[in-house]
Amino acid sequence: MKVLLELFYVFFKIGLLTVGGGYAMLPMLERETVENRKWITNEEMLDYYSVGQSTPGIIAINTATFVGYKKKGIWGAIFATLGMVTPSLIIIMLIAHYFDNFYKYEIVKKAFSGIRIGVIVLILSAAIRMGKKAIKDNVGVIFTILSFVIISFLNISPIIVIVVSAFIGIMFKLIWKGDGQN
Amino acid sequence: MGKINFVRIFLIFFKTGLFTIGGGLAALPLIQEEAINRDWLTQGEFADIIAISQSTPGPIGINIATYVGYEQLGVFGAIIATLGMVIPSIIIICIVAKFLLHFNQNKYVQGAFYGVRPAVVGIIISAAYSIMTLTIFDFSKFQTIKKVYEVINIKEILLFFLLIILVKKTKFHPAIYIIIAGVIGAAIF
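So the sequences go chain by chain: S and F. Mapping of the first sequence onto this note's numbering: position 141 corresponds to residue 223, and the numbering continues sequentially without gaps. Mapping of the second sequence onto this note's numbering: position 126 corresponds to residue 173, and the numbering continues sequentially without gaps.
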């Protein structure tokens, strides 16, 4: 039970601090679950994120659910997910009721322009940390660069990139194992 | 009458959650179609809701669901809509996670993640890049204005580099940098 409440608390915090888009979740998730509590590793976080991206549902929610499940099964999944959405519930209801013009104020717009840049920097630094763990050989480097180029400039869905890279990854592993090399 | 509406809201957002694949932004057209077809909102109101949802904590898809649910049926509407959005995730991920965690020594699963992990790093970097092209570089201006300094937003770049240095030199909680970025943005932009 204590673990479940902790899951709720941690994901409540993550949900509260994820401002400016679902991607902003990653640095928070890394700090809270990988660094502070060592619930998962950077590699696991990447794996769950990739699954979250490829299955139905919002990525941030899927990722939270996965971490919760890993930690404490179905109940872990439920508590983590509920934790993640509760700040949204509360804040949105307050705003809908009282403040729904807040985002039109100039100072708020400016603050969010700044926040967006903060999110970029945090995502990049998290990506670098994860990259060090995830990219183990030249194949990895190629995959990273290719996927960046394909998604940024060719407008191809990330899901396709994930599925294809999974497929190629399997081929690689089978070929190497098959030859008895590596 | 009330009960039927609660169930309908739940089902509408359950369907939306089920068909949102990828980023929460994918939820937008789905919710928009439902809400505008039912005359719950006008286009303008929906645009406002999107703007608000981007500026508040939490994934944008959840924020929108909560907002629309609240506008329709108050607090319970908000809760039902949000639950509708997340329950498909919980069910599907529990099944997928159980399978993957059980089979994580399997060579196919390992091979798959061997390929996927670096690719996801590339995906994440491209997400950062796409936000960058919106805030730091304004390519839409490039057609009308030829000078470079009009295309690049100097203040944004300065903040960008300032934050990079800060993040490299210090080890604060990520939220601290967000707050600093917001305060500086409000002050100098």
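Calculated from the structure, these hints are not laboratory results. Nothing here was measured: the structure is a model prediction, and the numbers come from that model. Keep in mind that the hints are not guaranteed to be accurate.
Unchecked claim - Restricting the straight-line Cα-Cα distance to at most 27 Å, the calculated cross-link-like pairs of lysine-lysine (DSS-like) are:
hint, chain 1, residue 1, chain 2, residue 2
1, S, K215, S, K152
2, S, K120, S, K192
3, F, K145, S, K152
4, S, K120, F, K154
Here is what the structure says about each hint:
1. K215/S x K152/S: Since the Cα atoms of K215/S and K152/S sit roughly 20 Å apart, the hinted pair holds (cutoff 27 Å).
2. K120/S x K192/S: Given pair K120/S, K192/S is violated - Cα atoms ~36 Å apart, limit 27 Å.
3. K145/F x K152/S: holds, 8 Å
4. K120/S x K154/F: Holds, at roughly 26 Å.
Hint 2 from the list above is the single one not met by this structure.
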